[in-house]
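Q: Sequence:
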Amino acid sequence: MDTERLEKELPIWNRRMYIALSAAITLMIATFIPFLWVAWFVLLIFVTSAGFNLLWGRGWKNLPLSKERVNTIFGYLLASWFLLFVPLMLNTDLCFLTFPLMYTIFLLAIYWRIRKKLSDAEEMFP
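Basically the working numbering = 1-based index in the sequence shown + 3.
For the record, the hints were derived by calculation from the structure and aren't laboratory data. For clarity, every value in this text was computed on a predicted model and none was experimentally measured. Do not rely on the hints blindly, as some may be mistaken.
Claimed, not checked - Label-pair distances were calculated between CB atoms; the ranges are:
1. Thr-6 <-> Leu-97: 42 to 48 Å
2. Phe-55 <-> Glu-10: 44 to 50 Å
3. Asn-65 <-> Pro-14: 34 to 40 Å
Unchecked claim - Here are the simulated DSS-like cross-link-like pairs (lysine-lysine), alpha carbons at most 27 Å apart as the crow flies:
4. Lys-119 <-> Lys-70
5. Lys-70 <-> Lys-120
6. Lys-70 <-> Lys-11
7. Lys-11 <-> Lys-120
8. Lys-119 <-> Lys-64
9. Lys-11 <-> Lys-119
10. Lys-120 <-> Lys-64
11. Lys-64 <-> Lys-11
Every residue gets a Cβ at the ideal spot worked out from N, C-alpha and C, and that includes glycine.
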């Protein structure tokens, strides 16, 4: 995939990230809707796969990380993190807390690795 086309797609992904983030927060707040599990599962799969597609997807992986792309990626991953708390809020069973905690550790590791890679790239080309 060519770099220019992917860079033109990034603002579209950024707008979708804001939609996904607002939908995740709305689902987290409105936990009394019937068939919430279906909407929750579809939204969780979409949001998480979009974030990881921008991070490790074909074509995107070859591009250098920019601040805008990193912020868009972590916006999607933050929305998926919010969505992991929905089952905990619906069932109030503490076993559902393990998924968000494990995902938090995973996201922090990715965040640390990307920030290190991003700062190394900025030092190489001042």
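Q: Enumerate the violated hints, using their earlier numbering and listing them in ascending order.
A: As far as the earlier hints go, 2, 3 are violated by this structure, in ascending order.
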